[in-house]
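Make a model of the complete structure from these sequences and hints.
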Amino acid sequence: TDEAGNQSNCVAMLELQDNQDVCPDNIAMMATIGGHVETEQFIPVENVETYLDESQNSMSDMDMTDEEGVYTFNSLPLSMSYTIDPKKDSGFLNGVSTLDLLGIQQHILGQKELSTPYKIIAADVNNDEKVSATDLIELRKMILGIYDKFQSNDSWRFVDKDFTFINVHDPFPYREEINMIAAEEMSMSNDFIAVKIGDVNNTVVTNLNEEELESRSA
Numbered sequence: 001t002d003e004a005g006n007q008s009n010c011v012a013m014l015e016l017q018d019n020q021d022v023c024p025d026n027i028a029m030m031a032t033i034g035g036h037v038e039t040e041q042f043i044p045v046e047n048v049e050t051y052l053d054e055s056q057n058s059m060s061d062m063d064m065t066d067e068e069g070v071y072t073f074n075s076l077p078l079s080m081s082y083t084i085d086p087k088k089d090s091g092f093l094n095g096v097s098t099l100d101l102l103g104i105q106q107h108i109l110g111q112k113e114l115s116t117p118y119k120i121i122a123a124d125v126n127n128d129e130k131v132s133a134t135d136l137i138e139l140r141k142m143i144l145g146i147y148d149k150f151q152s153n154d155s156w157r158f159v160d161k162d163f164t165f166i167n168v169h170d171p172f173p174y175r176e177e178i179n180m181i182a183a184e185e186m187s188m189s190n191d192f193i194a195v196k197i198g199d200v201n202n203t204v205v206t207n208l209n210e211e212e213l214e215s216r217s218a
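The working numbering puts the first residue of the sequence shown at 1, with every later residue one more than the last.
Rather than coming from a laboratory, the hints here were simulated on the basis of the structure.
Taking CB as the label site, the calculated pair distances span:
| no. | residue 1 | residue 2 | range |
| --- | --- | --- | --- |
| 1 | ASP21 | LEU78 | 17 to 23 Å |
| 2 | GLU40 | THR98 | 18 to 24 Å |
| 3 | GLN41 | PRO77 | 35 to 41 Å |
| 4 | GLN111 | ASN74 | 47 to 53 Å |
Computed from a prediction, not measured in an experiment: that's the story for all the values here.
Backbone N, C-alpha and C define an ideal beta-carbon position, used for all residues, glycine too.
Below you can see the structure in the form of structure tokens.
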């Protein structure tokens, strides 16, 4: 820029070569991060949108789980901090029936408590971190066709498989993301437990083509 304010620019291309082979061999090593998404019955969940975020460089990527419930991110810089966050918000009626209403009602009345923390999470239909009559009302409206989606919740929630519940009878809050540093070439043990909201008797079909769902409310 000159004194009169006139400006111009040029682009220079720089090629850096290690002619004397002084750079360490592992400078080009990259990390692979992945894992499995399964129900508590170890059934793989397909078509889960798994997001990978690297905050330092505002990098974001997404991989869809395959039929084995596997997601993978390749060629990631080492020693960087990453966050893995799965999402699935479709097939709201998948696995949901009046039997689930009965199961949640029995849990609320203390007649037959839900046996695992994941089932309690599934019973929290309105996502207020407790199981109450309000969840029954929300789920009943879904079954009757009044709602076509949960009003305050996603269809699926995901729990870090390594997360330890302090109280299995009151699992809230729980860890839904995995934070890690890519320190190895391959890390494929970043697993999640998938919870289908509203399904407390484990009848969800995990590889279902959601478009083939047919309403049978009547």
